[in-house]
Every structure is written in structure tokens, then in C-alpha cells.
Amino acid sequence: MLRLSKIFFVIFSSLACAILVMNLSRFFIPKNAGLAGGAMVLFYGLGGLVIGLIISMVLRNKLSSSILLGSNIVFSILITWFGLKIYQIDQKSKAEQCRAKSQASLCGRAPCPPTKGKLINNPSPDKVVCT
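Letter 32 of the sequence shown, counting from 1, is numbered 1030 in my numbering, and no numbers are missing.
Hints were generated in silico from the structure; no laboratory data involved. Incorrect hints may have been included.
[What the hints assert, rightly or not] Just the calculated beta-carbon pair ranges, DEER-fashion: (1) G1032 to L1082: 26 to 32 angstroms; (2) A1098 to L1057: 43 to 49 angstroms; (3) I1084 to N1030: 36 to 42 angstroms; (4) I1077 to G1036: 18 to 24 angstroms; (5) N1059 to P1028: 36 to 42 angstroms; (6) G1035 to Q1095: 42 to 48 angstroms; (7) W1079 to P1028: 26 to 32 angstroms; (8) L1057 to M999: 17 to 23 angstroms; (9) M999 to G1032: 45 to 51 angstroms; (10) L1061 to G1081: 49 to 55 angstroms; (11) S1062 to F1026: 32 to 38 angstroms; (12) I1084 to I1053: 20 to 26 angstroms.
[As the list claims (entries may be wrong)] Straight-line distance between alpha carbons at most 20 angstroms, and here's what the computed SDA-like set of lysine to any residue pairs gives: (13) K1004 to G1068; (14) K1060 to S1003; (15) K1004 to I1049; (16) K1090 to S1100; (17) K1083 to S1023; (18) K1083 to R1024; (19) K1083 to V1039; (20) K1083 to G1036; (21) K1029 to V1039; (22) K1090 to T1078; (23) K1083 to F1025; (24) K1083 to S1003; (25) K1004 to Y1042; (26) K1029 to Y1042; (27) K1060 to N1070.
Quick reminder that beta carbons are idealized off the backbone N, C-alpha and C, glycines included.
With the sequences and hints as input, model every part of the structure.
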């Protein structure tokens, strides 16, 4: 049981450290990084994972079994919370995209295809007709 607790301690603390460093990386990555920003976050996360792995390997033999068990519970709650926040952000993003698409199609204000040409005036102001 103690061996399994030590294994989970190493895994959970490494993941928690990686997630924490990835969340803190937003303060170090410039806003105009563009597509390179994702790669920067990934490498910050990998660095945090390595640092967490080293620290947890050192601490796993020095901590008592009750502290290991308590820290495993705390780390698992922390990782679950971060996962739920990521899921909520993803669902909110999908809902906003769906809302934007449905408003564009309901209003009839979708842009003309670039190959078609110009707009024509029509008697119905609710719809845009492309020629």
C-alpha cells in the first residue's frame, strides 16, 4: 500500500506541478506570440513536469505515509478541478461559436462568397442577397 501511495504521489505531484507552471506561463508569454504561444506553453509544462518529477522523487522517501496519503488526496482534487475548469472553458467556447453561427444564419447576414461579386438591393432588409 505504501509503495502504491509513493507511485501515486510521484505521478500526481508531477502533473500538478506541470499544470501549475502551464497556468503561470501566461504571465511570461507575450500577447503577440501568435501560434508560437502554444509551443511555449507546452515547453513550460514539460519543464514543470520535470521539476515536479525531481522534487517528488526526492520527497517520496522523506515523507511519512500519512502525509503522502493526504498529499495524494489534495493533488487528485487539484487535478480534477483543473480538468473541470478546462472542460467548462471548452464548452463555453463551443456554445459561443454555435451562437455566432446561428445568429448569422438566422439574421441572413452571412458574408457573400469572395468569388461571387457584389450585393444587390432587395426589398427585404432582413436578408442579404449575393449575386
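Status of the hints after comparison with the structure:
1. G1032 to L1082: 26 to 32 angstroms: At 29 angstroms between Cβs, range holds.
2. A1098 to L1057: 43 to 49 angstroms: The hinted range 43 to 49 angstroms holds for A1098 and L1057, with Cβ atoms some 48 angstroms apart.
3. I1084 to N1030: 36 to 42 angstroms: Violated - the Cβ-Cβ distance for I1084 and N1030, about 24 angstroms, lies outside 36 to 42 angstroms.
4. I1077 to G1036: 18 to 24 angstroms: holds (21 angstroms)
5. N1059 to P1028: 36 to 42 angstroms: holds (41 angstroms)
6. G1035 to Q1095: 42 to 48 angstroms: violated (20 angstroms)
7. W1079 to P1028: 26 to 32 angstroms: holds (28 angstroms)
8. L1057 to M999: 17 to 23 angstroms: Because 18 angstroms falls inside the window, the suggested range holds.
9. M999 to G1032: 45 to 51 angstroms: holds (49 angstroms)
10. L1061 to G1081: 49 to 55 angstroms: violated (25 angstroms)
11. S1062 to F1026: 32 to 38 angstroms: holds (36 angstroms)
12. I1084 to I1053: 20 to 26 angstroms: holds (24 angstroms)
13. K1004 to G1068: holds (12 angstroms)
14. K1060 to S1003: holds (13 angstroms)
15. K1004 to I1049: Between K1004 and I1049 the Cα gap is close to 17 angstroms, so the pair holds against 20 angstroms.
16. K1090 to S1100: This hinted pair holds, its Cα atoms lying about 15 angstroms apart.
17. K1083 to S1023: Roughly 17 angstroms between the alpha carbons, so the hint for K1083 and S1023 holds.
18. K1083 to R1024: holds (16 angstroms)
19. K1083 to V1039: holds (17 angstroms)
20. K1083 to G1036: holds (18 angstroms)
21. K1029 to V1039: Distance ~12 angstroms between K1029 and V1039 Cα, so the pair holds.
22. K1090 to T1078: Holds: K1090 and T1078 sit about 18 angstroms apart, inside 20 angstroms.
23. K1083 to F1025: holds (19 angstroms)
24. K1083 to S1003: At roughly 26 angstroms apart (the allowed maximum being 20 angstroms), S1003 and K1083 break the hint.
25. K1004 to Y1042: violated (25 angstroms)
26. K1029 to Y1042: holds (16 angstroms)
27. K1060 to N1070: holds (15 angstroms)
Consistency with the previously given hints fails for numbers 3, 6, 10, 24, 25, ordered from lowest to highest.
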